[in-house]
Amino acid sequence: MFERFSILRLSHHTRWRLLLLPYVLGVIILVIVPALFSFALAFFHYDALSPPVWAGRLNFVLAYTDELFALSIRNSLSLILIPVPLRVFGSFLLARLMQRNGRFLSWFRSAIYLPSVVPAAAFALAWLWILNPLYGPVNLLLTAIGLPAPAWLVDPVWAKPALVLMGLWPIGEGFIVSLAALYDIPPELEDAARIDGAGAVAIIGHILLPLTAPILLLLTFRDAIFTFQESFTHIYLMTQGGPYYATYTLPLFIYEQGFDLRAFGIAGAALWVMYALTGLIVTVLYIIAKQWNVGTTEETFVL
Amino acid sequence: MVFGDPAEFNAYKELVDTFNAQQTEIHVELTHVPSPKEYRTRLVTEFAAGSPPDITLMNYRRYAGFAANGMLEPLGPYLAQSALISQNDFYDVAMDAFIWQGTLMCLPQNISSLVVYYNQDLFDAAGLPVPPDEWTWAEFVDTAVALTQDFDSDGTIDQYGLGVEPSLFRLAPFIWQNNAPLVDDTVRPTRLTLTRPPTLAALQWFTDLHNVHGVVPGRIEEAAQDSESRFLSGTTAMFLNSRRGVPTYREIDSFTWDVAPLPHGKTSAGILHSDAYCLSTTAVDKNAAWSFIEFANSEAGQTIIAGSGRTVPSLKSVAESAAFLDPTQPPSRANVFINNASILRRVPIISTWQEIESVADEEIERAYYGDITIDEAARLAFQRTEEYFLRAKTAVYP
Chain D
1 MFERFSILRL
11 SHHTRWRLLL
21 LPYVLGVIIL
31 VIVPALFSFA
41 LAFFHYDALS
51 PPVWAGRLNF
61 VLAYTDELFA
71 LSIRNSLSLI
81 LIPVPLRVFG
91 SFLLARLMQR
101 NGRFLSWFRS
111 AIYLPSVVPA
121 AAFALAWLWI
131 LNPLYGPVNL
141 LLTAIGLPAP
151 AWLVDPVWAK
161 PALVLMGLWP
171 IGEGFIVSLA
181 ALYDIPPELE
191 DAARIDGAGA
201 VAIIGHILLP
211 LTAPILLLLT
221 FRDAIFTFQE
231 SFTHIYLMTQ
241 GGPYYATYTL
251 PLFIYEQGFD
261 LRAFGIAGAA
271 LWVMYALTGL
281 IVTVLYIIAK
291 QWNVGTTEET
301 FVL
Chain Z
1 MVFGDPAEFN
11 AYKELVDTFN
21 AQQTEIHVEL
31 THVPSPKEYR
41 TRLVTEFAAG
51 SPPDITLMNY
61 RRYAGFAANG
71 MLEPLGPYLA
81 QSALISQNDF
91 YDVAMDAFIW
101 QGTLMCLPQN
111 ISSLVVYYNQ
121 DLFDAAGLPV
131 PPDEWTWAEF
141 VDTAVALTQD
151 FDSDGTIDQY
161 GLGVEPSLFR
171 LAPFIWQNNA
181 PLVDDTVRPT
191 RLTLTRPPTL
201 AALQWFTDLH
211 NVHGVVPGRI
221 EEAAQDSESR
231 FLSGTTAMFL
241 NSRRGVPTYR
251 EIDSFTWDVA
261 PLPHGKTSAG
271 ILHSDAYCLS
281 TTAVDKNAAW
291 SFIEFANSEA
301 GQTIIAGSGR
311 TVPSLKSVAE
321 SAAFLDPTQP
331 PSRANVFINN
341 ASILRRVPII
351 STWQEIESVA
361 DEEIERAYYG
371 DITIDEAARL
381 AFQRTEEYFL
391 RAKTAVYP
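Chains as they are written, first to last, in the numbering used here: chain D, 1 to 303; chain Z, 1 to 398.
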C-alpha cells in the first residue's frame with residue numbers, strides 16, 4: 001500500500017518541489033516572516049520593554065538624518081567595491097594556476113580552500129592576532145624587512161585595508177566554482193588559440209574570461225550581497241566599528257540601534273534600507289549583465 | 001544570571017550550590033555570560049522576549065532602564081518582612097543607588113570602588129615607597145613617571161607606570177576631586193558638564209597622563225596588549241580597577257600586589273561600583289526567588305562571595321569580618337575599600353545612563369589619545385549625549 005504514496009510515482013517537478021520544501025519553509029519562517037515583522041516595526045517606536053507606539057515615517061527620517069547612518073552606508077559600500085572584485089578575480093586567477101594536474105597542486109588547492117572552512121569567529125580572532133600592531137606576524141615581518149608597520153585595526157586609515165586584506169583569504173567557494181568552470185571549457189579552444197600564437201594573457205583575456213563571465217558574475221553578485229550583510233561577525237569581534245567609526249558598517253548600525261539602544265523601530269527602518277540597497281546592487285549588476293548579454297539567456301542562465 | 005571572569009563565576013557557583021544543597025524545594029540554575037557588554041545585550045533581549053531569568057545581577061548604572069519600564073519587582077517590601085536581613089545591615093551609599101521612585105528596587109551585593117592596584121615588586125625595584133593612604137595628584141603622577149621605564153633604551157617603553165581605561169566612569173572621580181560637576185543636576189540631570197572650566201581641568205589632567213607624561217600605553221600599545229594584561233604580566237606598575245579584579249589577580253604568583261586609595265585633588269572623592277540582585281516581574285514564584293536573593297545577601301551568602309575576593313560586601317558585618325579582611329589573602333590593604341565608603345559618590349540614576357557613557361567614552365578616548373582637543377571632546381560629548389538626557393527617566397518621581 002505504500003507504493004501508492006511512493007515518491008517515485010510523483011512527477012519529476014513535484015518531486016523537486018517536495019525536496020525543496022524544507023528549505024522554502026526555512027526561508028519563510030527564518031527570513032521572510034521576520035523581515036515583514038521588521039518592516040512593520042519600522043513604523044513604530046519600540047524599545048522592546050514598553051508597548052510599540054505608532055511613529056509613521058519618523059524612524060526613516062531619524063535614520064536618514066543620523067550622520068552615523070550615512071557613514072555606515074559609505075563604509076559598507078567601500079568594503080564591497082574594493083574587496084569583492086579583488087576576491088572574485090583573485091580566485092579565478094588562482095583557479096587558472098591550479099588547473100593543471102600536478103603532484104603538489106592538490107595540496108595547494110586544499111590549502112586555498114582551508115580558510116573558508118574556519119568559523120567566522122575563529123577567523124576574526126586569528127586575524128586580530130595576525131594584525132596585532134606590535135606582536136602580530138605581519139608587522140614583525142614588515143619591520144624585519146625594513147618596511148613601515150601600519151597599526152592596522154587601530155589606525156582609522158588602515159582599518160579598512162586591514163579588513164580588505166583579511167577578506168582576501170576565505171575565497172574557497174569562488175575558487176572551487178572557478179575551477180569547475182575552467183574544467184568545463186573544452187581544451188581544444190585553448191590549444192587552437194595557442195597554435196594561433198596567443199600568449200597566456202591573451203588566452204585568459206580572449207577565451208577563458210568571456211567563457212566564464214556568467215559564472216564570475218554570479219560569484220560577484222553573491223559575494224557583494226554576502227559581504228554587505230555578513231561582514232558583521234568579523235567587524236563586531238575585531239573593531240566594533242572603530243577606531244572612531246572607521247569600520248562602522250550598516251549591519252553594525254542596525255545591531256547597535258536594536259540591541260544597544262533599544263530603538264528597534266530605527267533598526268527596522270535601517271534594515272529595510274539595507275534590503276533596498278541589496279536590491280539596487282542586484283539590479284545594477286543585472287543591467288550590466290544584460291548589456292554584455294551574459295548570464296541572462298536560457299543557455300547562460302544566472303538570475 | 002551573572003557575568004565575569006572564570007574566577008568570579010566559581011564564586012557564584014559555590015553560592016548557588018550551597019543554596020541548592022541546604023534545602024530541597026527550590027532549585028537555582030546559574031547562567032553565566034563572560035563579558036559585561038554581551039551581558040547587557042543579553043539582558044535587553046531576554047527582557048524584551050518576556051522571558052528574562054527570575055534573578056539578574058545588575059549594575060546601578062544599568063537597572064534604571066528596566067525599572068522605568070516596570071520589568072523589576074521592588075524588593076523593599078520583601079526586605080521589610082525578612083527575618084534574616086534588614087535595611088540597616090547594609091551600607092547606605094550602596095542601598096541609595098538602588099532606590100527607584102521611593103522604593104528599594106534591587107538588593108546590592110557590594111560596595112566596591114575605584115582603587116589603585118600596584119605591583120609591589122616594581123615599586124621595590126625602583127626604590128620607591130608604596131603608595132601611602134593619602135597622596136596627591138602630583139605625587140601620583142610623579143610616581144607613575146618614575147615607574148615608566150625604557151630599560152634597554154631602544155625607544156620602546158618596557159614598563160608603564162600606570163594603566164587606566166579612558167572612559168567617563170574612570171574620569172568621574174577625578175572630576176569630583178576637582179570640586180567640579182559631572183552633570184548639571186545629580187538627581188534630575190539634563191546635560192553633561194564637561195565643558196565647565198573645573199570639569200575641563202580634570203579632563204585635562206586625565207588626558208595629560210598620556211599626552212604629556214606618557215605614563216600610560218598609547219592607543220597602539222594598548223591595542224597590542226591591554227593594560228590589565230600588562231599589569232598581570234608585571235609590565236605595568238599601577239592599574240586602576242574596582243574590586244572586580246581581585247579573584248583573577250589572586251592567581252598571580254610572580255609578584256606581590258596590593259591596593260592603595262586613589263590620590264586626592266582639591267578634595268577626596270571615590271566612585272561607587274555596585275551590583276545588585278534584581279527580581280523580574282515575570283518570575284512565577286517570586287517568594288522562592290526572594291529566598292535565594294535573601295540567602296545570597298545574608299551573612300552566610302555574602303561570606304561565600306567575599307571569600308572569592310569578588311566583592312566588597314554591602315553587609316557591614318561581613319565587610320568588617322575576616323571573610324573580607326582576610327590577612328592571609330591579597331590585597332592586604334583591603335580596608336582601603338572600607339575607608340572609601342565615606343567618600344563615595346555615584347553617577348546619576350537615569351534610564352539612559354549607559355548610552356550617555358558609551359557616547360561620552362568615544363570622545364574622551366579620542367582626547368586621551370590626542371586625536372582631538374579636550375575642548376572639542378567636551379563639546380562633542382555634550383552635544384551627542386543631549387538626546388539621551390531628553391529621553392531619560394529619573395529615579396525620582398517626575
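There's no promise every hint is true.
Chain D stretches covered by chain Z per the calculated footprint, using a threshold of three residues with CB under 8 Å from any CB of chain Z [what the hints assert, rightly or not]:
| id | stretch |
| --- | --- |
| 1 | 47 to 55 |
| 2 | 87 to 95 |
| 3 | 123 to 135 |
| 4 | 255 to 262 |
No lab work stands behind these hints, which were simulated from the structure alone. For every residue, glycine included, the Cβ atom is placed at its ideal position computed from N, Cα and C.
We went through each hint and held it up to the structure:
Coverage of the stretch 47 to 55 of chain D by chain Z holds [criterion: at least 3 residues with CB-CB distance below 8 Å; count 4]. Interface restraint, the stretch 87 to 95 of chain D with chain Z: violated (0 residues with C-beta to C-beta distance below 8 Å; minimum three). Proximity of the stretch 123 to 135 of chain D to chain Z, defined as three or more residues with a beta carbon under 8 Å from a beta carbon of that chain, is established by the 4 residues found. Check result for the stretch 255 to 262 of chain D against chain Z: holds, 4 residues qualifying (beta carbon to beta carbon below 8 Å, three or more required).
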